[in-house]
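Each chain, written out:
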Amino acid sequence: DTAVSQTPKYLVTQMGNDKSIKCEQNLGHDTMYWYKQDSKKFLKIMFSYNNKELIINETVPNRFSPKSPDKAHLNLHINSLELGDSAVYFCASSQGTSGGETQYFGPGTRLLVL
Amino acid sequence: SQELEQSPQSLIVQEGKNLTINCTSSKTLYGLYWYKQKYGEGLIFLMMLQKGGEEKSHEKITAKLDEKKQQSSLHITASQPSHAGIYLCGAPPRDNAGNMLTFGGGTRLMVKP
Chain A
1 DTAVSQTPKY
11 LVTQMGNDKS
21 IKCEQNLGHD
31 TMYWYKQDSK
41 KFLKIMFSYN
51 NKELIINETV
61 PNRFSPKSPD
71 KAHLNLHINS
81 LELGDSAVYF
91 CASSQGTSGG
101 ETQYFGPGTR
111 LLVL
Chain B
115 SQELEQSPQS
125 LIVQEGKNLT
135 INCTSSKTLY
145 GLYWYKQKYG
155 EGLIFLMMLQ
165 KGGEEKSHEK
175 ITAKLDEKKQ
185 QSSLHITASQ
195 PSHAGIYLCG
205 APPRDNAGNM
215 LTFGGGTRLM
225 VKP
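Protein chains in written order, with our numbering: chain A, 1 to 114; chain B, 115 to 227.
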């Protein structure tokens, strides 16, 4: 029944490691997103992706890369993890990218880099 | 770039009291979303506003977008402990590029029984 799901829910890892977070949506949506919420609960967009284009927030380091094996999945790969990457990462999806398209969020993945 | 400022940053109210949360944009809004987040959970969609002067209600929560489309308010009537959480407003960019929402800093609401 879960509309947007993420795995894992928690991720603890060492600095320098490479990790992936998975996201799946069963809503039949065309567009998926990744957001980062920092320790102050400030939520920022990282990527917007549909089967036509990837739009990257210019502030996102190139160590972060989204990969979409199919329309229902958008995984987030992070290379060479840094302490500052510790945050909660949310996946979201919407039907399209036109105005008024509501985004539905997953439960979040809490990443802690030691 | 567009910035959204929410006020207050935090709020503690007694159960049964009414409250209002504001979201002010540095630029004209081309849509405004309200979400609620509980600790350890994702964002729950509440409402979306697009037209100046628009008002929507769901149960005891009412959201309005002002005529100039630069400010939105979220009003909760007769608050309950279940209303506690972080309320976030989000807005798409003018050119709607990728529908990438910009969010405000959030308002943390606590309702005392």
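Bear in mind the hints are in silico, worked out from the structure with no lab data behind them.
Since the structure is predicted, the reported quantities are computational estimates derived from the model, not experimental observations.
Check the hints yourself; a few may be wrong.
Each pair of labels, with its calculated beta carbon distance range [what the hints assert, rightly or not]:
1) A:Ser80 x B:Ala192: 16 to 22 Å
2) A:Arg63 x B:Val127: 26 to 32 Å
3) A:Glu58 x B:Pro195: 40 to 46 Å
4) A:Gly28 x B:Gly154: 38 to 44 Å
5) B:Lys226 x A:Gln14: 28 to 34 Å
6) A:Met15 x B:Gly130: 32 to 38 Å
7) A:Lys71 x B:Ser121: 50 to 56 Å
8) B:Glu173 x A:Ser65: 23 to 29 Å
9) B:Val127 x A:Lys41: 39 to 45 Å
10) B:Lys152 x A:Asn26: 36 to 42 Å
11) A:Lys40 x B:Val127: 21 to 27 Å
Ideal placement from N, C-alpha and C gives every residue a C-beta, glycine not left out.
Consistency of the hints with the structure:
A hinted range of 16 to 22 Å is violated for the C-beta pair Ser80 (chain A) and Ala192 (chain B), which are about 51 Å apart. Here the CB-CB span from Arg63 (chain A) to Val127 (chain B) is close to 42 Å, at odds with the stated 26 to 32 Å. For the hinted restraint 40 to 46 Å between Glu58 (chain A) and Pro195 (chain B), the CB-CB distance of approximately 41 Å keeps it satisfied. For Gly28 (chain A) and Gly154 (chain B), the hinted distance range of 38 to 44 Å is not satisfied, since their beta carbons lie about 27 Å from each other.
Between Lys226 (chain B) and Gln14 (chain A) the beta carbon distance is about 42 Å. The supplied range of 28 to 34 Å is therefore violated. Evaluation of the 32 to 38 Å hint for Met15 (chain A) and Gly130 (chain B) yields a failure: the beta carbon distance comes to about 49 Å. The hinted range of 50 to 56 Å is not satisfied by Lys71 (chain A) and Ser121 (chain B), whose Cβ atoms lie roughly 39 Å apart. At roughly 41 Å, the beta-carbon separation of Glu173 (chain B) and Ser65 (chain A) lies outside the given 23 to 29 Å, and the hint is violated.
In this structure the supplied range 39 to 45 Å is violated for Val127 (chain B) paired with Lys41 (chain A), their Cβ-Cβ distance being about 19 Å. For the pair Lys152 (chain B) and Asn26 (chain A), the beta carbons lie near 22 Å from each other, so the given range of 36 to 42 Å is not met. In this structure the hint that Lys40 (chain A) and Val127 (chain B) lie 21 to 27 Å apart at CB holds, the actual value being about 22 Å.
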